[in-house]
Amino acid sequence: MTTAPPDNFWNDTGRTGISSWIFSTDHKRIGLLYFYSVLTFFLVGVALGLLLRIELMAPGRTIMGPQTYNALFTVHGVVMIFLFILPGFPGAFGNLVMPIQIGARDVAFPRLNLFSWWLYLAGAVIILVSLFTGGGAPDTGWTFYVPFSTRTGTNVSLAVVGVFILGFSAILTGVNFVTTIHRLRAEGMTWTRLPLFTWSLYATAWVQILATPILAITLVLIFSERVLGTGLFDPSRGGDPIMFQHLFWIYSHPAVYIMILPAMGIISDIIPVFSRKPIFGYKMIAFSSLAIAAAGSLVWGHHMFTSGMSDNAVLVFSFLTFIVAIPSAIKVFNWVSTLYKGSISLEAPMLFALSFILLFSIGGLTGLILGAAATDVHVHDTHFVVGHFHYVMFGGTGFAFFAAMHYWLPKFYGRTYSQRGAIVAWALMFVGFNVLYFSMKVLGMKGMPRRYYDYLPEFTTLNLVSTIGSWILAIGLLIMLMNLFRGLFRGTPFTGNPWGGATLEWSIPTPPPTENFIEEPVVTHGPYDFTGTGRP
Amino acid sequence: MSHPKHTDYNGDKLGMWLFLFTELLLFGGLFILYAVYLARYPKEFSAGGHQLNLVLGTINTVILLTSSLLAAMAVTAVQRGQQRLTMGLLGGTVLCAAGFMLIKYLEWSAKIQHGIFPNSPRLIQGAPGESIFFSLYYLSTGIHGLHVLIGAGLLGWVALKVRSGAIHSHDYVLLENSALYWHLVDLIWIFIFPLYYLML
Ligand code: HEM
Numbered sequence: 001m002t003t004a005p006p007d008n009f010w011n012d013t014g015r016t017g018i019s020s021w022i023f024s025t026d027h028k029r030i031g032l033l034y035f036y037s038v039l040t041f042f043l044v045g046v047a048l049g050l051l052l053r054i055e056l057m058a059p060g061r062t063i064m065g066p067q068t069y070n071a072l073f074t075v076h077g078v079v080m081i082f083l084f085i086l087p088g089f090p091g092a093f094g095n096l097v098m099p100i101q102i103g104a105r106d107v108a109f110p111r112l113n114l115f116s117w118w119l120y121l122a123g124a125v126i127i128l129v130s131l132f133t134g135g136g137a138p139d140t141g142w143t144f145y146v147p148f149s150t151r152t153g154t155n156v157s158l159a160v161v162g163v164f165i166l167g168f169s170a171i172l173t174g175v176n177f178v179t180t181i182h183r184l185r186a187e188g189m190t191w192t193r194l195p196l197f198t199w200s201l202y203a204t205a206w207v208q209i210l211a212t213p214i215l216a217i218t219l220v221l222i223f224s225e226r227v228l229g230t231g232l233f234d235p236s237r238g239g240d241p242i243m244f245q246h247l248f249w250i251y252s253h254p255a256v257y258i259m260i261l262p263a264m265g266i267i268s269d270i271i272p273v274f275s276r277k278p279i280f281g282y283k284m285i286a287f288s289s290l291a292i293a294a295a296g297s298l299v300w301g302h303h304m305f306t307s308g309m310s311d312n313a314v315l316v317f318s319f320l321t322f323i324v325a326i327p328s329a330i331k332v333f334n335w336v337s338t339l340y341k342g343s344i345s346l347e348a349p350m351l352f353a354l355s356f357i358l359l360f361s362i363g364g365l366t367g368l369i370l371g372a373a374a375t376d377v378h379v380h381d382t383h384f385v386v387g388h389f390h391y392v393m394f395g396g397t398g399f400a401f402f403a404a405m406h407y408w409l410p411k412f413y414g415r416t417y418s419q420r421g422a423i424v425a426w427a428l429m430f431v432g433f434n435v436l437y438f439s440m441k442v443l444g445m446k447g448m449p450r451r452y453y454d455y456l457p458e459f460t461t462l463n464l465v466s467t468i469g470s471w472i473l474a475i476g477l478l479i480m481l482m483n484l485f486r487g488l489f490r491g492t493p494f495t496g497n498p499w500g501g502a503t504l505e506w507s508i509p510t511p512p513p514t515e516n517f518i519e520e521p522v523v524t525h526g527p528y529d530f531t532g533t534g535r536p
Numbered sequence: 001m002s003h004p005k006h007t008d009y010n011g012d013k014l015g016m017w018l019f020l021f022t023e024l025l026l027f028g029g030l031f032i033l034y035a036v037y038l039a040r041y042p043k044e045f046s047a048g049g050h051q052l053n054l055v056l057g058t059i060n061t062v063i064l065l066t067s068s069l070l071a072a073m074a075v076t077a078v079q080r081g082q083q084r085l086t087m088g089l090l091g092g093t094v095l096c097a098a099g100f101m102l103i104k105y106l107e108w109s110a111k112i113q114h115g116i117f118p119n120s121p122r123l124i125q126g127a128p129g130e131s132i133f134f135s136l137y138y139l140s141t142g143i144h145g146l147h148v149l150i151g152a153g154l155l156g157w158v159a160l161k162v163r164s165g166a167i168h169s170h171d172y173v174l175l176e177n178s179a180l181y182w183h184l185v186d187l188i189w190i191f192i193f194p195l196y197y198l199m200l
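Quick mapping for you: the protein sequence lines, in order, are chains E and F. Okay, so the first sequence: first residue is 1 according to the working numbering, each after it adds one. Okay, so the second sequence: first residue is 1 according to the working numbering, each after it adds one.
Warning: the hint list may mix true and false statements.
[Said to hold, decoys possible] Okay, the calculated bits of chain F under chain E, using three or more residues with CB under 8 Å as the criterion:
| no. | region |
| --- | --- |
| 1 | 29 to 43 |
| 2 | 72 to 79 |
| 3 | 137 to 147 |
Keep in mind that the hints were calculated from the coordinates and are not lab data. For every residue, glycine included, the Cβ atom is placed at its ideal position computed from N, Cα and C.
Could you build all of it, start to finish, from the sequences and the hints given here?
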C-alpha cells in the first residue's frame with residue numbers, strides 16, 4: 001500500500017504554529033481540536049468522579065463536607081454532560097470522519113464549523129469561571145431544578161450562560177451536519193450506501209436542531225428568574241415549578257439520544273469490519289436511528305413520575321418509554337446477528353465495541369425498570385439511577401468513544417499502538433467499571449439515595465467495593481491513554497487498510513491528504529461490502 | 001488552511017432554514033408557557049391584555065410587515081442587479097426596525113412608570129396570574145426585540161457588502177438569508193401580537 005504522502009493534512013502549508021490549528025477550517029483539524037478539548041474535560045470529570053467516590057468510601061465525612069460534595073457532583077455532571085459527552089462524538093469523530101465517509105472535501109460550512117468550536121471553548125471557559133467567582137461553584141446538580149436553582153447563592157447564573165453558549169455551538173454543528181449530509185455526498189453515495197456512523201450522525205444532528213432550542217429558552221428563564229425575578233416558576237407568584245421540569249426534560253431526554261446515537265453508529269461500523277461480514281439489517285439499523293430520535297422526543301415525562309404530574313400523563317409517558325426500547329433492541333439484535341458465524345478478530349476496537357453491547361444492554365434494561373412507573377417510584381433518585389445512567393453513558397457512549405479512538409485515530413496519525421497494551425487496559429476498565437457501577441445499582445435497590453455525601457452504616461461494604469472499582473477503572477484508563485498516545489506519536493507505522501474497512505475513509509492515503517480525496521470519488525459499492533478490501 | 005471556496009446556493013439556503021426552525025422552537029418554549037398559564041389564569045390574562053396599548057401594538061405590526069416587504073423587494077432588486085435600489089430598500093428595512101424599537105421603548109417605559117415590570121411591588125401584591133402575564137410579556141417582547149436588533153444589524157452589514165460589491169446579482173445568498181431571518185422576526189411578532197394584544 002501507499003506510504004504517507006508528503007501532502008497530508010498534518011504538514012500542509014499556509015499558516016504555521018498554533019494558529020494553523022485554532023483558525024483552521026479543515027474539518028480534520030477541527031475534529032482533532034474537539035477531540036483534545038473533550039478528552040481534557042473528560043479527564044477533569046473523571047478526577048472529580050474519583051473524588052466523589054473517595055468521599056463515599058466510608059460513611060460520614062471522609063474528605064469533604066456536604067457543600068463541597070454538592071458542588072463537586074454538580075460540576076462533575078455538568079462537565080461530563082455538556083463538555084464531554086454531548087459535543088464529543090459529533091464534534092470529534094463526526095468532524096474527523098463524516099465528511100470523508102460521504103466522499104466530501106469538507107463540511108458544508110467550514111467557517112461555521114470553526115465558529116462552533118470557538119463557541120464550545122467560550123462556553124467551557126465561562127463554566128470554569130463560574131466555579132470560582134460569585135457565590136462559588138453551582139450546587140444544584142446538572143439538572144438546575146427550580147426552586148433551588150433560583151434561590152441558591154452559588155453562581156448558577158453564570159453557569160447557565162456558559163451552557164447556553166454550548167447549546168448554540170451544538171445547534172450550529174447540527175445545522176452544518178444535516179446540510180453536509182444532504183448536499184455533499186459524492187457521486188454514487190446514495191442514502192442506502194451511507195455508512196451507519198454517518199446515518200447516526202444525521203439523526204443526531206436533527207435532535208440537536210430540534211431539542212437544543214428548548215434548553216436554550218429554559219436556561220434563559222432560569223437566568224431571568226434569578227436576575228429579574230420574573231417568578232414564572234415560583235408558586236408564590238402563580239408560577240409552576242413542574243413547568244420547569246417539563247421544559248428541561250423536553251430537551252434533556254432527547255439529549256440522551258444525542259449522546260447514544262453516534263455511539264451506536266460507530267458500533268455498527270466496527271462490528272462488521274471485525275467480523276468480516278456485511279452488517280445484518282442495514283436498513284433497519286438506519287431506520288431505527290431515526291425512530292429512536294423521533295420516539296425519544298416524546299418520552300421526557302419519565303423523569304418526572306414522582307413530581308406530582310397527573311396520573312394520566314404518567315401512564316402515557318411510561319408507555320411511550322417502552323416504545324423506545326423497540327428500536328434500541330432492533331439494533332442490539334442486528335449487531336448480534338452480524339457477529340453470528342462471522343470470522344471475529346478480537347482487536348482493541350472490537351473489544352470495546354463488544355463491551356459496549358453488553359454494558360449498553362444492561363443500562364438499557366435497567367432503564368426499563370425506571371421507565372415503568374410502578375418500579376420507578378421505588379428507585380427514583382437512588383444510586384440505582386446513578387448506576388443506570390453511568391452504564392448507558394459511560395459503558396455505552398464512553399466505551400464507544402474509546403472504540404472509535406482505537407479504530408480511527410491511527411488512520412489520522414499514521415502510527416498505531418500496541419494491541420497488547422490496549423487489551424490489558426480494556427480488561428482492567430471493563431472489570432473496574434462493573435465493580436464500580438454494579439455495586440451502585442445494588443445500593444440503590446437497597447435504598448441508598450443519590451446526591452448525599454453521607455449514608456447509613458449498612459451501605460458501607462458495597463460503597464467501599466464501588467470505590468475500589470473506581471480505582472481499577474482509573475488505572476485501566478491511564479494505561480489505555482498512555483498506550484494509545486505513545487502509539488500514535490511513536491508507534492509502528494500504520495498504512496493502508498489494516499482493519500479491512502470498506503467505508504471511504506479506508507480508501508484514501510494515511511494520514512489523509514488535506515483535500516481528503518486525490519480524485520473525486522465515485523462510489524460503486526455499499527459500506528459493508530468487503531470484497532477486495534484486502535484483509536484475509 | 002482553507003479549501004478553495006465552494007459555492008452551493010441550495011446548501012446555504014437549507015442551512016438557513018434549519019437555523020430558522022431552531023429560532024421558532026426557542027420561542028416555542030415561551031408559547032408553551034403562555035398556553036399553560038392562560039389555561040390556568042384566564043381572567044388575569046385577559047385583565048393584563050387589556051392594559052396593553054392596542055394602538056401602538058397595531059402600528060408596530062404595520063411597521064414590521066412593511067419592513068418585511070422592503071426586505072423581500074431588496075432581494076428582487078439585487079437579483080436584477082440594481083445596486084442602489086437594493087441599498088435603499090435595505091436602509092428602509094433598518095429604519096423600520098428602528099421605528100419598531102422606538103415604539104417598543106415607549107410602550108415599555110409607560111408600563112414601567114405604572115409600576116408594571118417583573119418583580120415590581122405592584123405585581124407582587126397583585127393577583128398571581130397577572131405577574132405571570134407581564135413576566136411572559138416582557139420576556140417574549142424582550143427576546144423578540146433582541147432579534148429585531150440582531151436582524152437590523154445583519155441587514156445593515158449586508159447593505160455595506162452590497163455597496164462594496166461583495167454581494168451582487170450572481171452571489172446574493174447572504175442577502176437572501178438575512179432577509180429570511182428578517183421574515184422570521186416578523187413571523188414571530190405575528191404570533192406575539194394577537195396572543196398578547198388582540199385575543200384576550
Ligand atoms: C471514573 C469515572 C467516574 C466516576 C468514578 C463517577 C462517579 C460518580 C459519582 C460518585 C456520582 C455522584 C453520585 C451521587 O451522589 O449522586 C456521579 C454522578 C454523575 N456522573 Fe459520574 N462518574 C464517572 C464518570 C462519568 C461519566 C463518563 C459520565 C458521563 C458521560 C458521568 C456522568 C455523571 C452524571 C451526569 C452524574 C449526575 C450528577 C448530578 O447528580 O447532578 N460520570 N458520578
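To see whether the hints hold, each was checked on the structure:
1. 29 to 43: holds (count 8)
2. 72 to 79: Not satisfied, violated; 0 residues make the cut.
3. 137 to 147: holds (count 3)
When the structure is compared with the earlier hints, a violation turns up for hint 2 alone.
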